Amino acid sequence: MTEATDGRERVALVTAASRGIGAGIARRLHRDGYRLALFARSAEVEELAGELDAIAVRGSVTDPAALERFAASAMDRYGRIDAVVVNTGHPPKGELLEIDDEAWHGGLDMVMLPTIRLARAVTPVMEAAGGGAWVNISTFGALEPSPSFPVSSALRAALGAFTKLYADRHAAAGIRMNAVLPGFVETYPIDEAVRDRIPAGRSARVEEIAGTVAWLLSDDAGYVTGRNLVVDGGLTRSW
1 MTEATDGRER VALVTAASRG IGAGIARRLH RDGYRLALFA RSAEVEELAG ELDAIAVRGS
61 VTDPAALERF AASAMDRYGR IDAVVVNTGH PPKGELLEID DEAWHGGLDM VMLPTIRLAR
121 AVTPVMEAAG GGAWVNISTF GALEPSPSFP VSSALRAALG AFTKLYADRH AAAGIRMNAV
181 LPGFVETYPI DEAVRDRIPA GRSARVEEIA GTVAWLLSDD AGYVTGRNLV VDGGLTRSW
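Under the numbering used here, the first residue of the sequence shown is numbered 1, with each subsequent residue one higher.
These are calculated hints, taken from the structure and not from any lab test.
DEER-style ranges, computed between Cβ atoms:
#: 1; residue 1: Glu207; residue 2: Ala158; range: 26 to 32 Å
#: 2; residue 1: Leu97; residue 2: Ala171; range: 37 to 43 Å
#: 3; residue 1: Arg69; residue 2: Glu102; range: 24 to 30 Å
#: 4; residue 1: Gly79; residue 2: Arg197; range: 44 to 50 Å
#: 5; residue 1: Gly79; residue 2: Arg237; range: 44 to 50 Å
#: 6; residue 1: Ile190; residue 2: Tyr223; range: 33 to 39 Å
#: 7; residue 1: Arg8; residue 2: Gly201; range: 42 to 48 Å
#: 8; residue 1: Arg41; residue 2: Lys93; range: 17 to 23 Å
Here the structure is a predicted model, which is why all the values come from computation and not from measurement. For glycine and all other residues, C-beta sits at the position ideal for the given N, C-alpha and C.
All chains, please: the whole structure from these sequences, using the hints.
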């Protein structure tokens, strides 16, 4: 059972939680004893919330009002927020200089601003409670940019910088923020040529990403903050 220092169950928020990595993280945190608030656009998030005895809020991560409603709903139900996992969708792809301004702005709304907006809403709650932990779901492309997904690569690199800035600013308050940079995950089909580039010879299982997130949120990672942790089967070459 995951309990806070006051003996109560910890509460975690997870966005884009209806399927894939987000749903896998929600299931892992439920298994670890967290009470959950789940956020996604589709009705599937309500089904998962029923399965995990969680609350569900439907909305888009690009909608500031929906994110504020999400955080407020968790506080209304549980009276505390101990952990936040910010997972989002995939921004537009395309040839680098053919991506228009609207797509870049849309990528900013999807990739970076959800973390910033939730941080504005939740940080005072964590400060009052004496601490908390965040994990942003990023991509290996933030470390080694890929022309296959340039918007994601560029903006998730910026998310990594924000992660470090936030972590440094709030470490003294007992609040940690890290990012997980997955390689290819089983929810994303890859061809043989891509698989051959991965030293592990396979995509990551959702459970492996979820396990890494759970560890970063746990007290076992209590001295880890401001890090961008690559979980890619050895795909990236940068040190």
